[in-house]
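Trainee: For the sequence shown, this note's numbering begins at 3 and goes up steadily by one.
No lab work stands behind these hints, which were simulated from the structure alone. Please read all numbers here as calculations on a predicted model, not as lab measurements. Think of the CB as a built atom: it goes at the ideal place given N, C-alpha and C, for glycine as much as any other residue. Treat each hint with caution, since some may be false.
Think about it this way: if two alpha-carbon atoms lie no more than 25 Å apart in a straight line, the pair counts; the simulated DMTMM-like pairs of lysine to aspartate or glutamate are [stated by the list, open to error]: (1) K350 x E236; (2) K530 x D602; (3) K108 x E631; (4) K286 x D264; (5) K568 x D264; (6) K286 x D319; (7) K399 x E413; (8) K156 x D602; (9) K573 x E471; (10) K327 x D216; (11) K208 x E236.
Restraint-style ranges between C-beta atoms, simulated for each label pair [what the hints assert, rightly or not]: (12) G86 x D428: 35 to 41 Å; (13) K57 x S384: 26 to 32 Å; (14) E231 x K208: 48 to 54 Å; (15) S279 x N581: 51 to 57 Å; (16) L80 x D383: 43 to 49 Å; (17) N276 x P192: 40 to 46 Å; (18) K57 x E547: 43 to 49 Å.
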Amino acid sequence: MTLRVLIQQVREIVGDAVKSAGYPAVEFDLTEPPQKEFGDLSCNVAFLLSKQAKKPPPRVATELVEALKPRVKDTYILSAEPAGGHINFKADYARLSPTTLAQVLKNPETYGYHDSGKGRHIVIEHTSVNPNKALHVGHMRNVIIGDALYRIMKATNHITTVLNYIDDSGLQVADIVVGFKFAGFEVEPPKGKKFDHYCGDEVYVKINEMYEKDPQLTEKRKLVLREIEEGKSEIARFAAEITMRVLDEQLKTCWRMKARYDLLNFESQIVMSNLWSKAFELLKKNKITHFEDEGKNKGCWVIEAKDEEDKVLVRSDGTATYVAKDIPYAAWKLGLVDDPFSYVEFEKQWDGSMLYRTTLNDKSVMEREFNRGERVITIIDSRQARLQRIVSQVLSKIGAHTREYFHLGYEAVTLSSETAKIFGMDIGDRQSMHMSGRKGIYVNADYVLDTLHSKAYEEVKKRNPGFSERELNTIAEEIAVSAIRYIMIKQDLDKIITFDIKETLSLEGDTGPYLQYAYARSQRILEKSDQTVNNDSQFQLLTHEAEIAVIKQIAKLDLVVEDAAKSLLPKSLARYAYNLATTFNLFYEKVPVLKEGNADVRMARLALVKAFGIALRNALNVLGIIALERM
């Protein structure tokens, strides 16, 4: 909070100085200078005023500094200096440090959280993996980004609903049913193999190979798909059972990654609810879709997409396209159509929260809404960007003026050559390998987690020979989950991730285990001190450059969390956590804590170590990374 106050103070005195110097009010930026010798904040106001004032920016900056200097008294500002047109401000850490550390130590559970959401309802959809296979490493990116975003929204006081869309009436489910019913696959998997792995690795891959050789199976596929959509036959009931079995296993994988959900939306329920027909009538009423009498789309209902080729909603044979199915669901998420669903309990999750599912049969009245989001965030890979743009454009035309539909896209995950070898894949001279579910070229998420767990276990056992098997496995699992979460969060969403196991588990560099190790180090220092930290220590004694650097990072946390919520970029919080850990490790190298001879200085440094641990732990919690006491 204290850095936020400093920023507010700078804005106020600059605004007053602009006014007193006779300049018009302007919106200006405050940024962190690229080099620490330039101070803590830099202001560009002189550049914005220079043209109108017909003066060079350095002259305007000098005038403003003279006008604002008398105003810095009783603030967190130590000095203000003109620098080539910029105005650079240095913070008064003799005042800032005690206030910052006192806030952290007195609010250990909530420090860094912020009320910017003010109870605004956010709906986030993520995961949404077809229920015919296990999650693979590419799906992990979706799950982890979505869950991190949920945690960020929660930390900024948004009421957040997390949805997982289950396409239980699509072609992929039909493929599995064809395999079991018409291609001779046993329903039960081989001993020791998870059901979702069996369906995806064997049945789904092999049935797609068989289609190419046996046209009759392709006809069976059409039959099965039609019966699933109608929802009344024995085939439909069997498909529902298979879907539930796969879904149960998928959820176990997601829960292992520490993701959680509020509601499962089943496509079959959406189809049977007539949600599509209601939305279609709304589109026709608002003249958003029209019927084509001629041309290449003759017999189709289409929409005119801005800057896009016209998009078919309903084909000439009467079947709806993918985007047509997505529009009513998106409209439901925003609350633009009446809610046709009831909601029933599905299963209790790893964190104790209840997961619900849609139903059309039970008239249970829930105390909360799962839709009507003021902002809806749909997390789907970047290949769906065009369709999502069309959905957003359509929604804006049917009343989503006060609500926002946002597609958060991301790129693929590939395997490094070394990691591909670990999973038994020969990729030749290529540097990385892309996934293909239909061709069976992928690595299941469970295998990734198991491998990370195994390697982390060996390392933890080496470092802690006295730990019990239970302790070793618990710590190894927490390292594995945190390692994969961090590697998926830290990268720009528009960049492909090349997943490398060795790099992911490294205790050095920009990794999850590096952050966990920094936290564990801080806890070991406090443990070894054998002292109770005084929350009212003499923080003004913390004047070393390395101490100030840590305090400055700690003071940023709530600003970074707020920015991550506004920008929808969990990466910014991951970057913050890494910088905080790195700054602390430099402090640890340069400044004695336990060996400090002055008792007051030693206690102040111990308090700083404790405050660092709180800030890093809270940042990691928002990222879904476990802060470990020992590792």
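Trainee: Starting from the hint list further up, note which numbers the structure goes against and sort them upward.
Mentor: Violated hints (numbers, rising): 1, 4, 7, 8, 9, 10, 12, 13, 14 and 18; every other hint is consistent with the structure.
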